[in-house]
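J.: Just so you know, the sequences run in chain order W and G. Residues in the first sequence are numbered consecutively from 1, following the UniProt record's numbering. Residues in the second sequence are numbered consecutively from 1, following the UniProt record's numbering.
You may find that some hints are simply not true.
Facing chain G, a subset of chain W residues (Cβ under 8 Å, in silico) [as the list claims (entries may be wrong)]:
| # | residue |
| --- | --- |
| 1 | Q58 |
| 2 | A186 |
| 3 | N187 |
| 4 | F188 |
| 5 | T202 |
| 6 | G206 |
| 7 | N236 |
| 8 | K239 |
| 9 | E243 |
| 10 | I247 |
| 11 | G267 |
| 12 | N334 |
| 13 | D348 |
Derived from the structure by calculation, the hints contain no laboratory data. Heads up, the beta-carbon is just placed ideally off N, CA and C, and yes, glycines get one too.
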Amino acid sequence: MTEISRRSVLAAGAGFGAMPFSQARAQAANTIKIALLCDFSGTYRDVTGPNELACVRQAAAEFANRGFNIEVVYADNQNRADVGSNVTRAWFDRDGVDVVVDGGASSVALAVNDVVRDKNKVFLNSSSATSDLTGRACSPNLVHWTYDTFMLAKSTGGATVRAGGDSWYFITADYAFGHALERDTANFVRAAGGQVLGQARTPFPGTTDFSAFLLQAQAARPKVIGLANAGSDTINCIKQASEFGLIRRGIKLASLLMFMPDVHSLGLATTQGLICTETFYWDLNDRTRAFTRRVQSELQPNVPLCMNHAGGYASVVHYLKAVADMGVARAKANGAEVVARMKAMPCDDDCFGPGRIREDGRKLHPAYLFEVKTPAESTGRYDYYKLLQTTAGDEAFRPLAEGNCPLVRG
Amino acid sequence: MLELIETITGVPAPLLFGQVLLGLINGAFYAMLSLGLAVIFGLLNIINFTHGAQFMMGAFVAWMLLAWAGLGYWWALILAPLIVGFTGVVIERLMISRLYKLDHLYGLLLTFGIGLIIEGVFRNQFGSSGLPYRIPPELSGAWDLGFMFMPVYRGWVVISSLVVCLATWLVIEKTRLGAYLRAATENAALVQAFGVNVPRMITLTYGAGVALAALGGVLAAPIYSVNPQMGTNLIIVVFAVVVIGGMGSILGSIITGFGLGIVEGLTKVYWPEASATVIFVIMAIVLLTRPAGLFGRA
């Protein structure tokens with residue numbers, strides 16, 4: 001029997017004391033930390049916010065038994081680019097975050113995109129609209145999942161021009177997103193032989209009364225007023241356009257970006273007959289209905305699911321598949337490599353079905369053109385859309401060569 | 001004549017008339033909200049930053065009355081200001097009344113905080129996209145004025161706001177109660193010595209100011225979507241209106257409210273991007289040249 005010296009007891013004690021720390025380190029090394037950044041307090045809260053958090057948590061829960069831990073954190077970007085990039089920087093430098101989900105408003109997403117690229121992490125963008133994310137601002141660390149301004153312009157804008165709406169006036173939210181949506185739609189209108197009569201750029205955020213801009217639009221005598229805005233801006237525009245009799249005078253509204261929560265908020269009586277484009281609708285098929293049932297209990301009461309929420313779920317699922325495939329250690333070390341792996345793997349999830357991620361970071365999946373039902377047609381809770389047209393993923397988005405993404409060798 | 005206007009302004013006359021009219025409608029809201037603020041500041045010396053939240057509460061209470069109790073717009077017009085005014089009385093008794101002896105800054109911070117809390121609670125409960133509230137059938141429809149389509153409801157807003165503003169002004173300037181109020185503003189201790197219950201008067205004044213905000217909220221509910229941010233967007237402008245009109249000046253806030261609504265409307269014709277800032281530019285100029293405001297006493 002060996003004698004136990006005092007020194008070895010001390011050493012053992014010290015070792016014992018240090019164990020929790022080394023264990024914690026080992027745990028951190030085996031944990032993927034997902035951070036959701038979007039609007040939790042402003043105009044885009046319902047179309048991202050708590051519902052998207054529930055969807056991201058659902059994705060994490062589905063990967064609970066794959067041999068690594070997943071932690072989800074979140075923050076409010078306040079729709080401000082400086083807040084978004086500061087939070088992201090702190091997440092990477094201080095909190096050991098591996099992947100930022102969403103980003104929110106386009107101006108915020110463009111700022112976050114630069115930070116993620118600098119730090120070689122991963123950016124899974126869901127709700128931002130600007131097509132510049134896969135154009136001039138494209139990055140090897142980014143996947144732009146749900147939709148973009150080009151796709152909206154082509155689907156909603158294209159359908160409106162085909163239906164005879166060949167002269168347009170834009171009411172545009174005066175920041176990156178509004179400008180991109182106006183530009184992309186105007187290109188389609190002109191290419192289809194239509195004309196753009198003018199535009200009013202409305203201050204963002206903070207405009208609640210759009211009647212002055214609507215009146216200006218009316219004075220230009222367009223057939224279509226294109227709403228290059230989102231959230232409560234779109235809601236107020238639609239409400240006030242019908243109040244001021246624009247619809248009765250035969251002017252059509254093209255709500256270029258409208259989500260389910262917007263339709264819910266306005267009510268079918270106001271929105272019936274409007275067309276809009278989404279890439280996800282809860283009642284589209286068996287898989288989307290199954291997904292909706294899975295997350296239903298965690299959603300905000302009174303806020304229906306929309307494509308941004310689904311995009312948060314699906315992008316995280318695909319990311320976690322890539323992480324499981326390549327191992328946590330490698331995934332944590334090199335964000336660009338994870339994104340490369342995500343691009344190499346075919347995508348398939350309950351919300352968007354099969355698809356793939358293109359070289360420039362663009363996720364390709366079908367775009368659906370919906371018409372809002374009349375109150376008589378709607379038979380149940382959130383039964384709002386009827387499908388008019390489906391555009392395949394390869395055709396719905398901007399062709400690779402036209403985006404001027406520096407990653408694409410032409 | 002129309003051509004002349006068009007040549008001078010460079011804008012089609014119908015468009016110009018339309019914008020002036022719309023400016024007047026927005027001005028009606030500015031006037032009513034800034035009036036409430038002016039009344040509260042005049043008597044309580046409190047800069048009531050909760051005003052935007054109370055405006056929003058007025059709209060929400062209207063919605064609740066309809067959705068939960070089946071009481072329509074006309075009931076809401078009476079009940080919502082009373083209910084929200086009562087919450088104002090509670091807030092004043094429990095919290096604000098403890099700050100009268102301190103610097104303005106404390107009242108400002110407290111009411112700002114209360115406003116944020118109220119908005120947060122509503123946002124959590126009802127989300128951010130807002131709830132629908134329809135224009136009452138009696139006031140739906142529109143008049144075709146030739147140069148624009150004037151919704152009946154907007155006309156109603158301008159008229160009722162003018163009536164409310166004038167009535168408030170009359171009460172304060174021409175009645176015995178108003179005389180007590182003005183006297184208490186000058187020297188509360190002396191008025192109390194004459195047997196007037198000044199603390200109760202202050203509480204009720206705060207309640208009345210809050211009720212005015214809530215009334216504005218009910219009027220706004222059918223125009224904007226009823227959402228938790230609706231007050232935040234408006235209140236910053238309204239504060240600028242109060243500063244330009246002169247803190248605490250009743251008539252000043254009414255005239256400036258309508259006037260700045262029109263200025264803002266015209267800016268939307270000539271330079272839409274600047275329409276959110278024009279009022280603050282005017283505020284800066286007024287502060288530099290007349291620090292007490294256009295109608296304030298230095």
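J.: When the structure is checked against the list of hints, which entries are broken? Sort them ascending.
T.: Of the numbered hints given earlier, those the structure breaks are 1, 2, 3, 4, 10, 12 and 13, listed in rising order.
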